[in-house]
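Participant: Here the protein sequences come in this chain order: E and Y.
If you want the numbering used here, it's the position in the first sequence, counting the first as 1, plus 1259.
If you want the numbering used here, it's the position in the second sequence, counting the first as 1, plus 30.
Hints listed in this document are in silico derivations from the structure and should not be mistaken for laboratory results.
Treat the hints with caution; some may be incorrect.
[To be verified] In silico SDA-like pairs for lysine to any residue, Cα to Cα no more than 25 Å straight-line:
1. Y:Lys309 to E:Asn1544
2. E:Lys1395 to Y:Pro157
3. E:Lys1350 to Y:Glu304
4. E:Lys1389 to Y:Glu304
5. Y:Lys309 to E:Thr1329
6. Y:Lys309 to E:Gly1564
7. E:Lys1388 to Y:Pro319
8. E:Lys1389 to Y:Arg511
9. E:Lys1389 to Y:Ser100
10. E:Lys1371 to Y:Arg39
11. E:Lys1395 to Y:Glu405
12. E:Lys1318 to Y:Glu304
13. E:Lys1388 to Y:Gly50
14. Y:Lys180 to Y:Thr78
15. Y:Lys107 to Y:Pro157
16. Y:Lys503 to E:Phe1274
17. E:Lys1331 to Y:Ala53
18. E:Lys1367 to Y:Ser44
19. E:Lys1277 to Y:Arg511
20. Y:Lys309 to E:Phe1380
21. Y:Lys96 to Y:Leu176
22. E:Lys1348 to Y:Pro319
23. Y:Lys229 to Y:Ser100
24. E:Lys1391 to Y:Thr48
25. E:Lys1350 to Y:Lys503
26. E:Lys1388 to Y:Ser300
27. E:Lys1331 to Y:Leu413
28. Y:Lys309 to E:Arg1315
29. E:Lys1350 to Y:Asp198
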Amino acid sequence: MNDCIFSLENICKSFAGKAAVRDLDFSLKKGSITGFLGPNGAGKSTSLRIGLGIIRPDKGKALLFGNPPTYKALDRVGFLPEERGLYRKMKTLAAIVHFARLKGMHTKAARKQGMALLERFELGGIANKKIKTLSKGMAQKVQIITAIVHAPELVILDEPFSGLDPVNQKILEDLVRELAQNGATVLFSTHVMEHAERLCDRIMLLSQGRKIFDGTVTQALDAIPRSVWLQTSNKEGPAAVIGDLALGVSPQTFGPNNAQGWRVDLAPGTDIQDILRVCIAGGINLQAFEPRRRHLHDVFMHLVGQSNTAEST
Amino acid sequence: MRHLYLIARREYLSYVATPGFWATLAFVPLFMVLGMALPLLMEGTTPTRYFTVIDASGEYKDAIAKRLESQMQEQIKTTLNALESMPGQEEKVARAKAAFAAGADSETIKKELGPQASMAFSAAKRPAYILVPPPAPNAQGLRPYLLEEKLIETPDGPKTLYAAALFDTTGDVVDIDYWSRNITEGSLKGLIRRAVRDKMRSDAFSRAGIETEIVNEINELTPEISSLSPEKEAGNAKVTTRDTIPYFAAVVFAFILWSVVFSVAGMLLSSIIEERSGKILDSLLVAAPIRSILMGKLVGVAAVSFTLLAAWGITGGIMATLAGQLLPAGDGSIKGMALLSAALDPGLLVAFAGYFIFGYLMYGSIFLALGSLCESTQEAQTLMGPLIFVLMIPMLALSFAIKDPTSPILGILSWIPLFTPYIMLARLPTDPPLVDIIGTTLVMIVTTIFVMWAAARVFRAGTMNHAGVDYFKTLFRRKNRKMART
Chain E
1260 MNDCIFSLEN ICKSFAGKAA VRDLDFSLKK GSITGFLGPN GAGKSTSLRI
1310 GLGIIRPDKG KALLFGNPPT YKALDRVGFL PEERGLYRKM KTLAAIVHFA
1360 RLKGMHTKAA RKQGMALLER FELGGIANKK IKTLSKGMAQ KVQIITAIVH
1410 APELVILDEP FSGLDPVNQK ILEDLVRELA QNGATVLFST HVMEHAERLC
1460 DRIMLLSQGR KIFDGTVTQA LDAIPRSVWL QTSNKEGPAA VIGDLALGVS
1510 PQTFGPNNAQ GWRVDLAPGT DIQDILRVCI AGGINLQAFE PRRRHLHDVF
1560 MHLVGQSNTA EST
Chain Y
31 MRHLYLIARR EYLSYVATPG FWATLAFVPL FMVLGMALPL LMEGTTPTRY
81 FTVIDASGEY KDAIAKRLES QMQEQIKTTL NALESMPGQE EKVARAKAAF
131 AAGADSETIK KELGPQASMA FSAAKRPAYI LVPPPAPNAQ GLRPYLLEEK
181 LIETPDGPKT LYAAALFDTT GDVVDIDYWS RNITEGSLKG LIRRAVRDKM
231 RSDAFSRAGI ETEIVNEINE LTPEISSLSP EKEAGNAKVT TRDTIPYFAA
281 VVFAFILWSV VFSVAGMLLS SIIEERSGKI LDSLLVAAPI RSILMGKLVG
331 VAAVSFTLLA AWGITGGIMA TLAGQLLPAG DGSIKGMALL SAALDPGLLV
381 AFAGYFIFGY LMYGSIFLAL GSLCESTQEA QTLMGPLIFV LMIPMLALSF
431 AIKDPTSPIL GILSWIPLFT PYIMLARLPT DPPLVDIIGT TLVMIVTTIF
481 VMWAAARVFR AGTMNHAGVD YFKTLFRRKN RKMART
């Protein structure tokens, strides 16, 4: 049985001579949660649209459940587009049922499942209200429901957390986990690294249409050097004492009080203990010493920065 | 098929569920009835107007009085001719006409007509103007009467003086001062002018030695033209109102077709703009094939228009039946009945349905494709502007068709596929050559297929590649570049 749910093979796409996606190649395994990260204009939405057969690639091929995308296959996909919108004059439940029926669901089942999801998002009371009367956040939740009401095997969510308050972000996170637990494969794009960090088995980072990272969150965090922040009364700082153990030592403020200190980026193979040891041995008067936790945000900034520099040179 | 059905259904329900749809459904027949009834109603409710003439010579006053009388006789004659077309009234009207020719008075004529026809006759024979003696000798004295500060005495009781004509015949030229508060109405002024002109000419002939009787006889000379059609049986070849009505009916149908096609094409345009600007298309595109979206919309909106047409048709049929049974017939209602019976001609109805389908598919596809390139109605207006000007041509041509449906210009225009549905529909009662019917139909079908194919490409570009209003410019540039390379 083919375990590959969704794959893009060497996809290239340009618009008006400008490359939007370049040699993009990846595949998703059944039941995984994958984060699709990248700055604005990185080509995330275009890649997803190519994968779903909305846009034809200039080169390469997209496969859905092992075959080129067809509408029969798309019935097994739930998609939340980046550019969201629903028929404003339709009633909420009617809109959900309409899209569920387009995906092959029977009316009765669609109504039942749609209502259950509305209840879950605490929207049971708006089932018969017109979409145009809903707040932006409510409409966003309704749109998410239309994407998953037919219990798709592959769920593709383009920026699903935007427009949601923290409570609903949490509900959506739980829902994504539940979908994966029930066997669905989830691919979502986001700018909010915390969601990716908390949810994803795997992340992919895109910059200027090119994939610049593909791996687990741990692997991503390892892509940037570990660092430590220290404060000393020595005016010349710790650079001379640390020497080759660090990739760089730079002055940096830290903490809520913006205390002046030094950021030390550790060289590969260096342990934080080594830094502490040489500082004490070197007579550095340490007033504070704090290992910094690495965040996906830093990985994002680091890798995208690298990619931009490489592109410009 | 599931996608097509669901999209068509949603499209249909989205219009049918709106108050605007029901308002259109109800108001259009209402407006049509009002449109037909309003001129008759205005005519019926316009009061008889009283006017006076101050003419020292008295000659011109008599001429005007005679003109009024002959106009009344002409009106009776026209009414009797119109009543002739009324089903079941032929014999009675023939007897009334004979009485009229023998110089019988109105009451005798009325007696000869049945109760239904006599009502119409009474309404029609009411005089529009009555000449009354002047209540004052000059303009100054007439002013309070004309300003309705004073009323004039008439056999019908005190009335308003509508107008006054004051003659000055002292010089070589007859000068008439026409006084009235209604400064736009011109029929009475025209009547006075014609009466006086004929009198002046008659006098001039007399001065030249030609006897007045001879002049009058000459003036009365007018040919009686009977319209005959070689297509009718010999002995019964006279063209009646019933024969001419289908020509008008076809033009009316063509106007209705034009209006309906444009209304529903407009619906498609706003629908696709809503989906594009409302960012619904991406959700739709992963739920249904693009051809189902395109066709679903076309079918859904076509169903809306069929619902409207069917409702109007049924209402029209019921109204025609009721009108035939209940309403007293006047000249207008006779024409209306004939129009409705001509409209029920199966040939014309089949042609209407066929031309509607192709006209709708052509214009609907064009509007849908152009709409898919637009983010807002403002953008759509920019794109549609030149197109609308082109599409006004059939409207102008249809105005011609009322006067001369066999005009060669209509023949030429009917070969332009965008105009074929309207122009050919208007031409059909004139029995155009078979080659015109088959040829224009084939060209129209081929063009419709091509337009739908091209529209699908534009629609695909607009929906899938987010092409904008500059799509055609880009396409043109790309083609130019390709040509330059080769």
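Participant: Look at each hint and say if it fits the structure.
Facilitator: How the hints compare with the structure:
1. Y:Lys309 to E:Asn1544: Measuring from Cα to Cα gives roughly 61 Å; hence the hint is violated.
2. E:Lys1395 to Y:Pro157: The hint is violated at about 70 Å.
3. E:Lys1350 to Y:Glu304: With a Cα-Cα distance of about 16 Å, the restraint between Lys1350 (chain E) and Glu304 (chain Y) holds, given a limit of 25 Å.
4. E:Lys1389 to Y:Glu304: Between Lys1389 (chain E) and Glu304 (chain Y) the Cα gap is close to 16 Å, so the pair holds against 25 Å.
5. Y:Lys309 to E:Thr1329: 22 Å, holds
6. Y:Lys309 to E:Gly1564: Violated: Lys309 (chain Y) and Gly1564 (chain E) sit about 32 Å apart, past 25 Å.
7. E:Lys1388 to Y:Pro319: At roughly 29 Å apart (the allowed maximum being 25 Å), Pro319 (chain Y) and Lys1388 (chain E) break the hint.
8. E:Lys1389 to Y:Arg511: Roughly 49 Å separates the two Cα atoms, so the pair is violated.
9. E:Lys1389 to Y:Ser100: 69 Å, violated
10. E:Lys1371 to Y:Arg39: Given that 25 Å is the threshold and the Cα spacing comes to 21 Å, the pair holds.
11. E:Lys1395 to Y:Glu405: 20 Å, holds
12. E:Lys1318 to Y:Glu304: Violated, at about 32 Å.
13. E:Lys1388 to Y:Gly50: Holds. Lys1388 (chain E) to Gly50 (chain Y) sits at ~20 Å (cutoff 25 Å).
14. Y:Lys180 to Y:Thr78: Holds, because 18 Å separates the two Cα atoms, which is no more than 25 Å.
15. Y:Lys107 to Y:Pro157: 14 Å, holds
16. Y:Lys503 to E:Phe1274: 16 Å, holds
17. E:Lys1331 to Y:Ala53: 41 Å, violated
18. E:Lys1367 to Y:Ser44: 21 Å, holds
19. E:Lys1277 to Y:Arg511: 18 Å, holds
20. Y:Lys309 to E:Phe1380: Holds: Lys309 (chain Y) and Phe1380 (chain E) sit about 23 Å apart, inside 25 Å.
21. Y:Lys96 to Y:Leu176: 24 Å, holds
22. E:Lys1348 to Y:Pro319: 23 Å, holds
23. Y:Lys229 to Y:Ser100: 14 Å, holds
24. E:Lys1391 to Y:Thr48: 15 Å, holds
25. E:Lys1350 to Y:Lys503: 39 Å, violated
26. E:Lys1388 to Y:Ser300: 23 Å, holds
27. E:Lys1331 to Y:Leu413: 36 Å, violated
28. Y:Lys309 to E:Arg1315: Cα-Cα ~20 Å, so holds.
29. E:Lys1350 to Y:Asp198: Violated. Lys1350 (chain E) to Asp198 (chain Y) sits at ~78 Å, over the 25 Å cutoff.
In the structure shown, a violation is registered for the earlier hints numbered 1, 2, 6, 7, 8, 9, 12, 17, 25, 27 and 29, in ascending order.
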